[in-house]
Amino acid sequence: MDQKNKTSKKPKNSKFSQQELPAWKPILTPGWVITSFITIGVLFIPTGLLALSASDNVVEIVDRYDEGCIPDSYSQKAESYIQNPNQNKTCVRTLRVPKKMVAPIFVYYQLEKFYQNHRRFVKSKSDKQLRDADAQDDTHNCFPEDYTADNKPIVPCGLIAWSLFNDTYKLSARGKAINIDKKGIAWKSDMEAKFGSNVYPKNFQKGTLIGGGKLDERIPLSEQEDLIVWMRTAALPTFRKLYGKINTDLESHETITAEVENNYNTYKFGGRKKLVLSTTTWIGGKNDFLGIAYISVGGLCLFIAINFILLYVFRPRRLGDPSYLSWNRQPIV
Amino acid sequence: MIPVANRDSGRDQEARSNSRSFSSNSRPQIEADQDSGRNSYADCCLVEFSEKSDEELDELSRKLYGADIAPIVEPTVDGDVPAIVELTVDDASSWHSLILSPSNGPAFIFVILDEISCLSGVEFSNLLTLSMRARLKRSSLYTFGCIRPSRESTDEPHQFQGPGFSRHVCCNEPGFHRKKPLKYPSNYISTTKYNVITFLPKALFEQFRRVANLYFLLAAALSLTPVSPFSPYSMIAPLVFVIGLSMTKEAVENWQRFMQDMKVNMRKVFVHSGNGIFVKKPWMKVEVGDVVKVEKDRFFPADLLFLSSSYEDGICYVETMNLDGETNLKVKRSLEVTLPLDDDQSFQDFKATIKCEDPNPNLYTFVGNFEYHRQIYPLDPTQILLRDSKLRNTSHVYGVVIFSGHDSKVMQNSTKSPSKRSTIEKQMDKIIYVLFTLLVLISSISSIGFAIKTSKQTPFWYLPQDDKNLYNPTRPLTSGWIHLITALILYGYLIPISLYVSIELVKVLQALFINQDINMYDEDTGTPAQARTSNLNEELGMVDTVLSDKTGTLTCNQMDFLKCSIGGTQYGLCSSEVELAAATQMAMEVDDMSRTGAHGSEIELEIVESGERRSRNRIKGFSFEDSRLMNGNWCREANADVVLMFLRILALCHTAIPEVNELTGGLTYEAESPDEGAFLVAAREFGFEYCKRTQSSIFVREKDPMSHEPIEREYKLLNLLDFTSKRKRMSVIIQDESGQILLLCKGADSIIFDRLSKTGRSFEEATKRHLKEYAESGLRTLAFAYRKLESSEYFTWNDEFLKAKTSINGDRDAMLERLSDMIERELTLLGATAVEDKLQQGVPQCIDKLAQAGLKIWVLTGDKMETAINIGFACSLLRHGMKQICITTNVDMSSHNSTKGVKENILMQITNASQMVKLEKDPHAAFALIIDGKTLTYALEDDLKLQFLNLAVSCASVICCRVSPKQKALVTRLVKEGTGKTTLAIGDGANDVGMIQEADIGVGISGVEGMQAVMASDFSIAQFRFLERLLVVHGHWCYKRIAQMICYFFYKNIAFGLTLFYFEAFTGFSGQSVYDDWYMLLFNVVLTSLPVISLGVFEQDVSSEICLQFPALYQQGPRNLFFDWYRIFGWMGNGLYCSLIVFFLNIIIFYDQAFRSNGQTADMAVVGTAMFTCVIYSVNSQIALTMSHFTWIQHFLIMFSIITWYIFLVLYGMLSPDLSGNVYKIFLEALAPAPIYWLSILLVAVACNLPYLAHISFQRSFNPMDHHVIQEIKYYKKDVEDRHMWRREKSKARQETKIGFSARVDAKIRHLRQKLHKKSSPRVSM
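Sequence lines, in order, name chains A and B. Numbered per this note's numbering, the first sequence spans residues 1 to 333. Numbered per this note's numbering, the second sequence spans residues 1 to 1326.
Think of the hints as simulated: they come from the structure by calculation, not from any bench. Glycine included, each C-beta is placed from N, C-alpha and C at the ideal position. Any given hint could turn out to be false.
Said to hold, decoys possible - Okay, the calculated bits of chain B under chain A, using three or more residues with CB under 8 Å as the criterion:
hint: 1; region: 370-381
hint: 2; region: 548-560
hint: 3; region: 1210-1221
hint: 4; region: 1226-1238
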């Protein structure tokens, strides 16, 4: 018994229990440091250049029209203009194509100072209701756009849907209308799974509060791509959303006429509206920052590497030199 | 009950005059006693024989004790009168003892006390035991019946009633105690914290006592309200996980405790089951009132009333090691009336009632009455056998259970050890407070921002007021206040919820590794090291001062006869441990030297000689090796007569008793001090086997040097002059077979040298030289001398001596002192012995290493100052040439002067010493402070303690002797609080418990029997030497691991938590989070926690061998290089930087442009996911940079964390959108095909870690720390290529020490070099 006890108390002599597992013990030798900094630099700078050139290949036309589309007579009372339902709000903008734009050309609208990411706003929807025709009463986050005055559920409920962007654009070049393809602008998964194909808008925009765009009650939500895009709330108060695609090339120096129906009220909070036409490359839209950032980080790495090299040249330290051990150094008085 | 009486000198005088003869002529009578084999005394200084009649004796005793002792005298019916054999007086404790010995029948011991009031019953019994141990020894003790004064004259039943004395026990009728009102708790004990029912509430309560956990609980509760920025489950799930894990740990620990309890509860004991039959029952089934039978070497299952034992006179011996740490046996006596109950059958009809005090924790008191046969007998502590004490030397006892289970005194006494927290943990609390402040700050910013934004947001038509008033543009102030709560929850990520649980987990795993360390496993006792509390692991790496007990910790309390010097010649070839170590060190140095220069052979030779290990089969207490003396060769020595006398002193001058070892048939010696034991063993080995002691003679079996035939010689023991610390010597006066009377004396060298005759000094010079050498080697030395006495001279002296001895005057001591001084003169020096106080294995080496690691070592011992100093030498805490500062209280002064005077005197001593230390110019001068317990009492008082501490700190070593357990604790507290540094106390006995509990870390030495110290300790190791590994390896590792781990934890949570804040600023401070709830939930629990745990468990900056080889590395801990505010804020700054990079790079990259060629722009889910991926990459690559030790586990866990994130993302994205919301298919559909996503990860991860990488590269390159350089040496295998350099650095890698061998070895080497120089110089001249 005693013997057994003793043996059972004896620790196991395994590599693991004795903390002697084979281990990789890398140390930052100057070689390693310089090599890794140079490697990063060498990798990053070309990548940055690539990204920059890709970004450079993107042709982008941005036109701010919120101010320009207010008639001069209304310039001091833009709000009353935009809120007047009887007013004709069509306005014509002229865009110049700086470089040849190869299809597909994406048409975006850009809003600024619009807090789509506000918590009050983000919460205000019902995923269930959007997906499921039987869940139309599931409106618990949607106040005040949950029920109509006569207590009928609003589909789609909530502030996001209610504030749907409703400016429209019609483009034409040389008198010929350019077709804007409104299909395929939303994520496929959204259309397939998040917005029900048997869910139809109901009681939408029929209350006392008027929000943004209206929806065709005959079309199921899954096909209301504008709504689907709008409901993907943006991360920042300045955002672009896809309006449509142009599947024809636009030639360089071409003049495009954009007929904007200026319905959406950003005047109240002083937000800007922009119409954007842009091509894309593999990095997406115009994004100089990525390339610059890459080049800067790469450059910084090279700079550090050079510094290290210089320091090693002037103040070399033999690795593992015992004279650097604290007991060999002169005590600092 | 106790035969005590006020001593009245008048009556004493009368008593003495009544006893007629005091003469040695009475010896024949005594010898007759011995023939009956009943009593043999170790040393009977006074033989008093009286031929008084019964009446006379009766009167004498009545006068002496005020008690009627007639019943004792009565048994001697045959007219034989008891002899008063011995009467001793001990002034120190004011007691007298008298041993009466009738010619047949038991002898009796009387003890008379001066002050009745100051001694309790137990103290008395201790005293009795003590006196008996000292004089009579256990083996022969039992034949002495103990005084059993007649009941009718002295004993009144205790008069007690009322509260506190309500216990009522019906003996042998446990059934009575099964129902009220006599229902007492069962004997089941439980030390568990929780039971099944209380576990949940109690454990939960414990968990939520931590501020951070409480905060998270509050946050989780609030997450159920609409205020919360997150869904409730994302707040509750991690909390449940974290709390659940902690509680599981608690549950496991509780279960282990329960199993331990059960082991005790299931111990078996014989319990009377009726009709005189005893059956075995587990302890837990024992009930109050049960009669139990306990056998030899078993523990008592409960507090018992002692009824009878296997001895006729109803005594038994009890070892109370588990209660108070004392190893000596205590005698318990049953009541006389219960004596006949001495076999199983007699309990058939046994009925009695006990009324006594209620359960209480006082071990040394007991008040109760025993009602038996309608008579009431009082009970006192001597009849009580306490639970957890052990029956010794008695084959069995019967007892009745009085207190069971938790009512028993030992259980009432158990105190919870104080919960200790490590320095790092305390500092961590401060960091948590800093983070809380930060949290409140940014929450306030956020809510002020929100209020402002809200008030200005009236034009935001798409943001109407909500139904719950959380957002109300018309009342921004209310909204702002409510938002404060939201923000406090939102930024909770700044405080790592999993920090505590991760640390706890890591510490448990670290503790497992400590337990598993095979290098701290003691093969002999089969005990591994044990981390009993895991929360102090890292504290082991920060220890500054070690306070150590001596006996049992540093030493084994075993002496080894090692060397002697006889007649000016040295004998004994074995070297002491100190010498051995010096030799080893020298060998190394010489090796170095032989590389550089050529002359080393001479020294090497010497080393080979001295380095010879003590091999052979060892005899305990004897490590002597020298053929000149062994095997009877001594008689061939030139001065054989001197040697003979020397060896006779070894065999004769002592107070030990021989005992026949039943196993081997050989003799073992029961000696008062282990030195004596060693001498006797040595004498035996030299052929002088001490074999028998009678009242008046010592028998020695001497081997004839020629024929090797043993001859038994008898030496008449005439007188024995005891050893006292004041006298520092001991003598016996013997008469050998030829009638020659000799005085044999051994004692401290200084004392002996003063008493030599003019003719007896022939060896003085040589002996002195040898003594100095021995002392330097850390050996205990004694000088031996003798004197031939003329019989006339002796008898004149003896008469006077006897007179003095029997006088009971105040000046008795002085008289004795004077008389012994008179005879112990004119001595002839024979030589000296050197005994090694066996240190525990490896102690000097360990102390040396600890000193090299920069630890200060204090020794706190209950021993005498001389012993303590000796040990100080032996374990290298003291060395020759060290200036010893002894601070003592002059005895005379203390008795005459007031406390104030004493204090002033001590203060003066301290100031003088401090002044001396301050003025010392030699930087290598070392001071040692030695202080005794009495002085310490004053020095520890408030007005002196700081001066004392300052002096102590400036001394290289501190030895406190004669300290009480309480003082040990006080000293520990003084060091702990006075210096503010981490203290570690190490000890093995119950007297160290206070110190162990008081120190920051308590270490118990396990493996020995007493478990008290271990139970109170935080770590237990089997041997002192394991302390080195525990501190230098595990402490160092654990400190670094925990420090790095905590820093990293704060880093990663700041890096993550602040991104939430930045984002919120872009959402109008609305409290929206960019991440999905699930991301955040997993962040702390799964995605970043495992690598950091592996860092905490497996990281090693250098391997264990290097830790041991370079003790200086340990100083990184006490200097707290890895967890100072500089470093903590550095890491926090790194976190801040990282959060900025992660957030802004991602935002700028993703904010408005299409992020892929299909033209889609990034929504919040995409930005959040991309950002979160970057966080995961950044923090995980950060930890990879932090680590320096990658086993497959680290590789796996880092990879696992990143891969898990993707697996989660894919799986989560495949769930129904009802569950996954915006994350639905986000990775596969939106992010994975976008090159910009991957590019941004790379960019952010690199950018985040760039400064840290540059920082550590720069630091390593231009300002390397020690471990960096050593890592490099190892990396390039320079240690193999350049062994010389490696060895040189190893020997240099130590803190400047003034203690330990290294310091002493240096001195020794210098000494040897000088010798070498002397030897070689003549050769040069030739």
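Next item on the list: Check whether three or more residues of the region 370-381 of chain B sit with their beta carbon closer than 8 Å to a beta carbon of chain A.
Entry: violated (count 0)
Note to self: Tell me whether the statement that chain A covers the region 1210-1221 of chain B is true, taking a Cβ distance below 8 Å and needing three residues at minimum.
What the structure shows: Result for this restraint: holds, n = 4.
Notebook entry, point to check: Quick check: the region 548-560 of chain B, covered by chain A? Criterion 3+ residues, Cβ under 8 Å.
Noted result: Result for this restraint: violated, n = 0.
Notebook entry, point to check: Taking a Cβ-Cβ distance under 8 Å as contact, does the region 1226-1238 of chain B have three or more residues in contact with chain A?
Noted result: holds (count 5)
Figure legend: structure checked against the earlier numbered hints; hints not met, in rising order: 1 and 2.
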